[in-house]
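Protein sequence lines correspond, in order, to chains U and F.
Note that the working numbering has the first sequence beginning at 1, numbered continuously upward.
Note that the working numbering has the second sequence beginning at 1, numbered continuously upward.
For the record, the hints were derived by calculation from the structure and aren't laboratory data.
Note that the coordinates shown come from a computational prediction; the quantities given were computed from them, not determined experimentally.
We treat Cβ as the ideally placed atom computed from N, Cα and C, and that holds for glycine.
Restraint-style ranges between C-beta atoms, simulated for each label pair:
id : chain 1 : residue 1 : chain 2 : residue 2 : range
1  : U       : S114      : F       : G198      : 28 to 34 Å
2  : F       : M151      : U       : N30       : 38 to 44 Å
3  : U       : N30       : F       : D182      : 26 to 32 Å
4  : F       : A142      : U       : R79       : 29 to 35 Å
5  : U       : N27       : F       : D182      : 19 to 25 Å
Which chain F residues stay away from chain U? Per the calculated CB distances, all over 12 Å, these:
id : residue
6  : D118
7  : R128
8  : G254
Example chain U residues on the side facing chain F (calculated, C-beta under 8 Å, incomplete):
id : residue
9  : S97
10 : S98
11 : K118
12 : V120
13 : F125
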Amino acid sequence: MSQKVILLIEDNSDDEELALLAFQRSNVANDVVVARDGVEALDYLFGTGPHAGRDVSILPQVVLLDLKLPKVDGLEVLRRVRADPRTRRLPVVVLTSSKEEEDMIGSYDLGANSYVRKPVEFERFVEAVKQLQLYWLVLNEPPPNR
Amino acid sequence: MRAFAQSIVESVRHPLVLLDAGLRVSAANSAFHAAFGVPDVEAPGRPRFALDAGWLDIPGLLERVERVATTGQPFEGFEVEHDLAGAGPKALRLNARRVVSDEDGTPMILVAVEDVTDKRRAEAALHRLNDELEARVRERTAQLEAANREMEAFCYSVSHDLRAPLRAIDGFAQELLRTYADRVDDRGRHYLTRVRAGSQRMAGLIDDLLQLSRLSRVEMTWGSVDLSALATAVVADLRHLHPDRQVTFVLQPGVTARGDAGLLRVALENLLGNAWKFTSKKTDATVTFGQQGGEAGFYVRDDGAGFDPAFAGKLFGAFQRLHHDRDFPGTGIGLATVQRVAHRHGGTVRAEGAVGQGATFYFTLPPGDDA
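So here's chain U without its partners, still in its complex pose (with noise of 0.2 Å):
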């Protein structure tokens, strides 16, 4: 099986580098691509803007989604996944700051596939992204590609 790539969509670049240590820590191998807002982010799923030309069948692994982001807010571009019969069965995971319960209903009424508050401590933002690796890159069956 091909390694496929963790869209990471993540607008905080302190949040992005640690991110990615956390993937390193956690002997990720799959490569990360980075969105910095909600266009990148949808430019890149679908293949248009910068992206175009991109072979869309090939999803990613898995979704790491914040929910502010500029242009574009995370809850439209889950929104906009999940309507595109493409896309509607990507894995994606809300990894955001806030607690609020408007975010957590609204994340899950739109179909995310599971929301984690980011820890401000280090080693629990670890830990996360290791249960996250495990979970959604090792024990998780994708959906078939079609």
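Given chain U's structure and the hints, the job is docking chain F onto it.
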């Protein structure tokens, strides 16, 4: 007899007028003369006035009085605006009924006039006041809603934006400690550890502050709440978290109240959690939960560290602490939370205690059917 009846009629302060079958004024009291500026009909040489002569030019009145004369059916509460002589526009309420003269049995019509100007004016003022009040309430509600929306947005950014830099501080400090361990000496490690502890403590403060604000925003669901059962569940959680502690809990069974179960659980978690924490220096502590007799006053008592009653007023303020963090860690938001819960129920909180003598925290809830 006639004089007697007339003296009674005369003493009535409402204008009264007696009309004969031809609707001419037969008699009237002085209130009538004064109100309508009509010369005394009884005065010698004065002509009698017919109702339709123009001085009581009230549209619809003549027809109504005629109907009383022909059918004998009285009318009541006929309200009109009328310009009274010299008194300006007045709101008048008119009643009329057929009466029979004692002397000769001829039918007469008694018309009573009530000046309701003041009453109507007061009603109108009240109406206006109500409208103004409603408008003001609408305005204030809109302001409150706007403030609430602002608060929501604020809490959202607090929870999201203020935590992000903390993650960076903690994460990169940790990475320094890990990756550059060989180049950082003990002192450097000590400082980095302090940096990390500070960021984690601030994260805890932010979380507690958010919980406090959430308590104020959450919609309340009123119902009967079994406080004893809630306390039992909270104690079970505490025991599970700290199996090493020896604490005797004395819980009065069957204590119920009317309130929001979720909020009351938060209050009990904080009160019992505090009791648990502030008895941690004792080997055999006792914590009591119960209800005082009489009014709905509930209490949580412990025999732990207690507090200096001189500072009792500070206990319930957010971020107010009476103990050093190294003795009893905490953010100082717990009792502020308890107070917020009590206030949202319309209740109160108070504390009693002394240093080394333990503490008792009381809270009241409005009495209900179940309290």
